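> Chains A and B, in that order, are what the protein sequence lines are. The numbers in numbering that gives the first Met the number 0 rise by one with no breaks, and the one at position 55 of the first sequence is 54. The numbers in numbering that gives the first Met the number 0 rise by one with no breaks, and the one at position 6 of the second sequence is 5.
A hint or two may mislead.
Stated by the list, open to error - Covered by chain B, per the in silico footprint, the following chain A stretches (three or more residues, Cβ under 8 Å):
1. 0-9
2. 45-53
3. 89-98
4. 105-114
5. 117-129
6. 167-173
Claimed, not checked - Short, incomplete list of chain A residues facing chain B, as computed with Cβ under 8 Å:
7. Ile33
8. Gly75
9. Leu77
10. Ser78
11. Phe80
12. Ala81
13. Gly82
14. Pro83
15. Pro132
What the hints assert, rightly or not - Examples of chain A residues lying across from chain B (beta carbon under 10 Å, computed):
16. Pro23
17. Thr34
18. Leu38
19. Leu42
20. Arg74
21. Val79
22. Phe133
23. Gly148
24. Pro154
25. Val176
Worth flagging that the hints you see were computed from the coordinates, not collected in a lab. The model shown is predicted, which means the values in this text are computed figures rather than measured ones. From the three backbone atoms N, C-alpha and C, an ideal C-beta is built for every residue, glycine too.
Residue strings, one per chain:
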Amino acid sequence: MKSRDLAYVALFAAIVAVLGLIPPVAVPGLPVPITAQTLGVMLAGSVLGAKRGGLALLVFLVLVAAGAPLLSGGRGGLSVFAGPTAGYLYSWPIAAFVIGLLTQLFWKRFNLAWALIANMIGGIVVIYAIGVPFTALYGDISLGASFTGSLTFIPGDLVKAVAASVVAVAVRRAYPVIELPGRRAAAS
Amino acid sequence: MLSLYVPGDSVVHRARAGLKLAVLAALGIGLFLVESPAAMAGALALVVVVGVTAARLPWRALAVQVRPVWLWLALLFGFHLLATDLRTGSVAVLRLLALLVAAAVVTATTRVTALVAVIEWLAAPLRVFGVRPARIGLVLAMTLRFIPLVAEKAARIREAQAARGADRIRLGMAVPLLIQVLRMATTVGEALDARGADDAPARRPRRTAAAS
């Protein structure tokens, strides 16, 4: 990896951290306020691609584990990784990776629809597929109960997938990172 | 700046970060092998005693880290009372509490830099795949530097849009912000390469393992 790639990885780890500072937004009609951090997961994948996007979230989690209170609400430290909802955290790097993979796959014909597909599969399906069974195993409750408990977050996640897709398409047009001409790669 | 570390010089503070993480990992596995409420209560009491007396942490330092999950633990206990029985419920809740407090003790007694050093050490075997542990430290340091920068740029764009009468379009500010910070990251990356921090091993003779 070039230093530039490392800088992008660090940048998106920082963006996820800054999104944690935004207070949860209450949306009329939704039962649960939306926190912004999974928006960062979706953006990392759909702007940086699979490898760098996944690494950005890995870096973010490493800093959280090392004691930086970067999760929304100022949470951090090792205890959040032992907590009941830790599965959702573990899913973030994988989710960003999957979103990045799909984005790269769709890159030539990337538009709002493809961006939405990538963000919904990676940013919602993958996250729940890991988080829900984790919570069930951890708290000794059934899969169904764990899933029902997480359903209230789905509307918010859909809003975030739309937002991330709109932004990703605009960024691709103005400053595409995934296809940035690899001058140095060619030189070495 | 950003840390849950509580300064001190107790035995627990001075213990090696790698050892503390190993004990924590062992506890995480061990507690799931036992199913008795008494053992769970004992484990919880033990980690609290270690945190409060051996590490001399204030109660508040532990409470800050455990507080976010109180409600969840209460709900979990209630669910077990309805769905299973008191015994299963108390084992589940006590186990989680013991693990959370143990993790909180490690976090409060270990500096971020020490944990990052453990991470670099753990990453050493990844050399086989071409990962250089020192680059991991570089990325972590860059991230901590970028956090205030991104926050500041976000605040500035919000002000600029408010000055033009945009009331609360959050999505509209995301695109210019992202492009600005992507440009900044590109510049930082190029500056690092220009100072010889890039990946290409041919630029400098490789240092021997003994030198580091």
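> Broken hints, numbered, in rising order?
When the structure is compared with the hints, numbers 2, 3, 4, 5, 7, 15, 16, 17, 22, 24 turn out to be violated.
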